[in-house]
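For the protein sequence lines, the chains are Y and V, in the order given.
In terms of the numbering used here, the first sequence opens at residue 1 and continues consecutively.
In terms of the numbering used here, the second sequence opens at residue 439 and continues consecutively.
These are computed hints drawn from the structure, not numbers from a lab.
Treat each hint with caution, since some may be false.
No farther apart than 30 Å at their CA atoms in a straight line, the calculated lysine-lysine pairs in the DSSO-like style are these [claimed, not checked]:
{"#": "1", "chain 1": "V", "residue 1": "748", "chain 2": "Y", "residue 2": "71"}
{"#": "2", "chain 1": "Y", "residue 1": "322", "chain 2": "V", "residue 2": "595"}
{"#": "3", "chain 1": "Y", "residue 1": "71", "chain 2": "Y", "residue 2": "120"}
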Amino acid sequence: MNSTAKHLHIPVEHTTLSNGLRVVASSDRSAPFVTVGVYYQIGFRLEPRGRSGFAHLFEHMMFQGSENAGKMEHIRLINSSGGVLNGTTNYDITNYFESVPSNALERVLWLEADRMRALKVDDENLRNQRDVVKEEVRVNVFNQPYGGFPWLDLPPVAFRNWPNAHNFYGDFADLDAATLVDVQQFFRTYYSPNNAVLLMLGDLDPAEAFALAKRYFDDIPAQPTPPRADIAEPPQTEERRGEVVEKLGPLPAIAIGYTMPERDTPDWYASAILDRVLHGGRAGRVYRKLVLEEQIAVDIEGGVDLLDTNGPTQMVTRIYHKPEFTSEGTVAVYDEVIEELQYRGVAQDEIDAVKVKFRSEYYATLEGGMGYHMPRFGLMHYLACFTLFDGDPDRINTILDRFLSVAPEQIQSAARKYLVPRNRAVLMRLPVNPGGAQ
Amino acid sequence: MTSPSVSAPNVLRRTTPPALAPERPVAWPTRTIRTLANGLQVVLVESRTFPKISANLYFRSGNAVVAHSAPGLAEMTATVVRSGTASRSSREIEEDLRRMGASLGTSSGADSSAIAASGLAEFSSGILELIADLARNAWFPADEFERERRQRLEELKVERTSPGFLANERLRRVLFGEHPYAIIAPTEEQVAAFRREQLVEFYREHYVPADSLLAVVGDFSAEAMLDQIEGVFGSWQAPRPESPKPPAPPHYSGRRVYLVDRPGTVQTQVLLGNLAITRRDPDWYRLILANSIFGGAFHSRLVINIREQKGYTYSPGSGVSALRQQGFFTVRAAVRNDVVAATLTEIFYEMDRMRALPVTAEELDSARNYLTGIFSLGVATQDGLLSQLSTVYLDELPEGYLETYREKIHALTAEDVTAAARRHFDSANAQIVVVGDRAQIGDQAALFGPVTVYDTRGNITP
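Working from the sequences, and respecting the hints, build out all of it.
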């Protein structure tokens, strides 16, 4: 096979405004769009106790009106400029982003600055979005087969510290208890320029983009550094197990999660490659063994969000298996895959192939959008995480080599150290109606 | 890299949004188009920022051509086509893909089947060779077929527990009657009856070069890529398949309600719709503009009404689905059980308002900008480009469709929008599907027309 690996270099420029807002620009003039994001370093892990689901509910409130752009005005201005927008709440970050034709860059910055400066929302907005969020939870969790599996089911089994272990979508009672005072308090605490990064990508000149950023954001006052919640987990000494009822789907499902090493340590890089050995599609060892060879499972997915989390994180395997097999027996076959990896390690040619795929997926993530209309969402997302978590957006160009230089013995060693029962949680999702019999 | 120092004049803070800067023209990616001697149509676009390629091979036959003989057979064929060729085992195919950093998808919709692969540009010839191997030499190993069939049976059971699937299934049945588009999934009995020979037969007949499309986007020079494609696909020969003439969709009249009963469910899936048009219809542009104002964007009347004002639902919306022979218009919302009647009332109010009254100049302007803007955003990724290219070539849209889309949208008027709404938002004859708990929503649903109740397996229940 012909192969001349081309080295990708993403242009990255960054600066910090006087209020502490970090600003990152990456120019690519091949198509006339810009993608803009504001990432705040606050996620559902850090929401206040007794207010489960608040970080996400708050994200909705950021679309309800700011000082100079009333309810629906923000959305109208983006759509009518020819663009799309969204926001998401994650473990350690909440993001707001837009893709628009490049002539709307200044307008987007004005809008994002306006809502970073001041929210203008009332009780009516809060009631409305509380109702919307409840329907979001129903449509995604209560009324879907395997809804919330395992992102809502596994953390309470795997973790002991509330920030890592609570219901991230929120108990309805907690959502009902949220007040406008909570909203403004949360906004003041976490939505400050010094707790955020602004990203501008695409058809732009970085110097001009920085000047616009300064113009609209520089006079937003900084706030005291938000309190850093203690998200450390107490040491785990034995395997953790849990069971949840599956009310709709006919197949038993299992989630197996191993807690990963700390960010940016040698083991962290090794575990990323280890994950791809296990989970890299149909050639991955877990899929091959349980779906293709033993034909126990109907489907298997797995992976770990290493780059966009900054705290206790698990590599999770999700197994949907045929009802005639037991979940215990299925886990035992899964364990054979893990044990083989621990005893025999991984051959060089397998690692080489996994790394080629890793490189390809990294590029695909940077290039791609969120759907067809949010180009370079992946590039924006990683730039934000490298800035907020590592203080170094240039990692976008250097981190790949760190993953690709992991040695075979590091992978085996990480498998022996981390893929052990006392470092994992196993969640069984058991159907009320196994096999779907009527 | 450190940033240049920046300075900006100290201006008063503005309280109104900045005007848009002058628009930068959209430079449509240059397409290289060639038809090989065997009839394979090739469309190439260079996209050189990232060292990747994406190559999709489309055949113009999908589940519709087998809907009356073996529903779902095209999809089953596509599923098994990746499981072995004359020279590669299933495992070798997966390992070859990984070695090239490639991912592969094989699928079949109503109108087409596809072998789609993407990976690193440095392996482009290997990726093309693998696609060609699957297209020409697939072997359908009996044990792989058996495993995939068994998996499909389990997946079908899972699908029947999803409200979205149940709603789509029922609406398509109602709108399309005897037309092949009525069927979105086979039954378990039908899947159990598939034989390997049927897959091989479908493959021989429909995976052929004539009239098929190979679209490739990525980091290559078009000239060199054409040579590679000629080398890999040029010797492929097979007869052109016959395309049967399907029956016309049924004529229905009056609002009717189809309730799929799911006892105990905590939310109701509402989906209503009517037959509309294809992308080749002259009304297409008018219709999608009307849809955009009605419920096709975040800032649309339906979303503002039932989400942002009333809080009935999280993700309402409307859309026009353009299958090759026939399109249809749909409105959907997953709502809490006590507001099913209220939601339907608001949906019909908004449909009728679109039919009765002109949209405002501001709405018109905003929606035109929205449609042309997102059309341009769609060419900025390789996946987006491929999606646009396949739409144009598979739906046989006129040459210049991409280049003229924006000006055609910008030329539309408020009268065009009203005319399209009157023709295609058929509120008087809308077919309404609700998936939910009959005990909680039956009375509400009955306010909107005669109700037929189904169980989740699709059987009518008294």
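Legend entry - Hints breached by this structure: none
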